[in-house]
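These protein sequences, in sequence, are chains G and D.
In case it helps, my numbering puts the first sequence at residues -5 to 138.
In case it helps, my numbering puts the second sequence at residues 852 to 991.
Simulated from the structure, these hints should not be mistaken for laboratory data.
Just so you know, not all the hints are guaranteed correct.
What the hints assert, rightly or not - Coverage of chain D stretches by chain G, computed from C-beta distances (three or more under 8 Å per stretch; other residues unrestricted): (1) 926 to 935; (2) 972 to 983.
What the hints assert, rightly or not - Just a few of them, taken from the derived set where beta-carbon distance is under 7 Å, the chain G residues facing chain D: (3) Arg108; (4) Arg113; (5) Ala131.
C-beta: ideal position from N, C-alpha, C; glycine also.
Next come the chains, spelled out residue by residue.
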Amino acid sequence: MSEGEEHSVEPEALAEALAAEHAAVHGYEFLRGVAESAPRRDSAGEHARRHKALRDTLHAAAVDRGVEPEPARPSYPLPEERDQASLDAYATGLEETAARAYLWLAASDDAELRSTAARALQETTVRALRWGGALDALPGFEQA
Amino acid sequence: MGLNGVSRRTVLGAAVVLGLAGCGRADWYPSDVTPEEFTLRALIREKNRTVARYETALATGAGPEDLLRPILERHLAHLDSLAEALPEDSSPASAGPPEGESSALPDDVLDLAELTALEAAAASSRVDRALAVAIPDWRS
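With these hints in hand, go ahead and build the complete structure from the sequences.
Set out below in structure tokens:
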């Protein structure tokens, strides 16, 4: 991206995607600590790393475009139940929240953001499936 | 900004069409079809070809049915959703492929590795097209 180049950006969509990534990082770090099985802890760790990378990408994109990036909150809602099914559903919810945010961002006028969002939406859809989520025909759409 | 005065639902629709479904050409659309419809129809044509690939693979036993059948059903569900997204007043004449593009469905048999490659290529194509798509003036 060249210096001084103007971008048409949707700050709200970018902020929502970044907020979803902050929540996902927090959530997966929590899951890495409480998941009962080693494979689930490993998956949580792997997904936390990926969401951190996406968070950093979005943070940099916001800064590059003159948008003040919102910092992470001190805490995020966590599941009350700690059984495996509840934790899997919680992880699925993290990904579904991210999917909705990325779908919105995919409508950006900014080609780089569209590309980032499209790729991230594909990734988050696959991760949701790995946690037992359902596959919607159009992932990220708010269901009626 | 592109979102001012536009409902989120509209933007989401645009995202599916422009950002994810992609379009065949980044800088040209038939004058009687909106970019969204053009893009949807291109994706529907591609999806029909993919469905034909899976149906042929299932009919010829090219792969395990318990693996291929659910994937085919997902493609069919996606196809239905895409068709539902077409505007009600869209012209049937606009349903055909652009000049130079065949409407014939493939009948050669792909094995599992080739179907996997087909899916990977389709996923990659969505991102490429999201990058290349031209935003119409009315959105800027």
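Which numbered hints are broken by the structure, listed smallest first?
none
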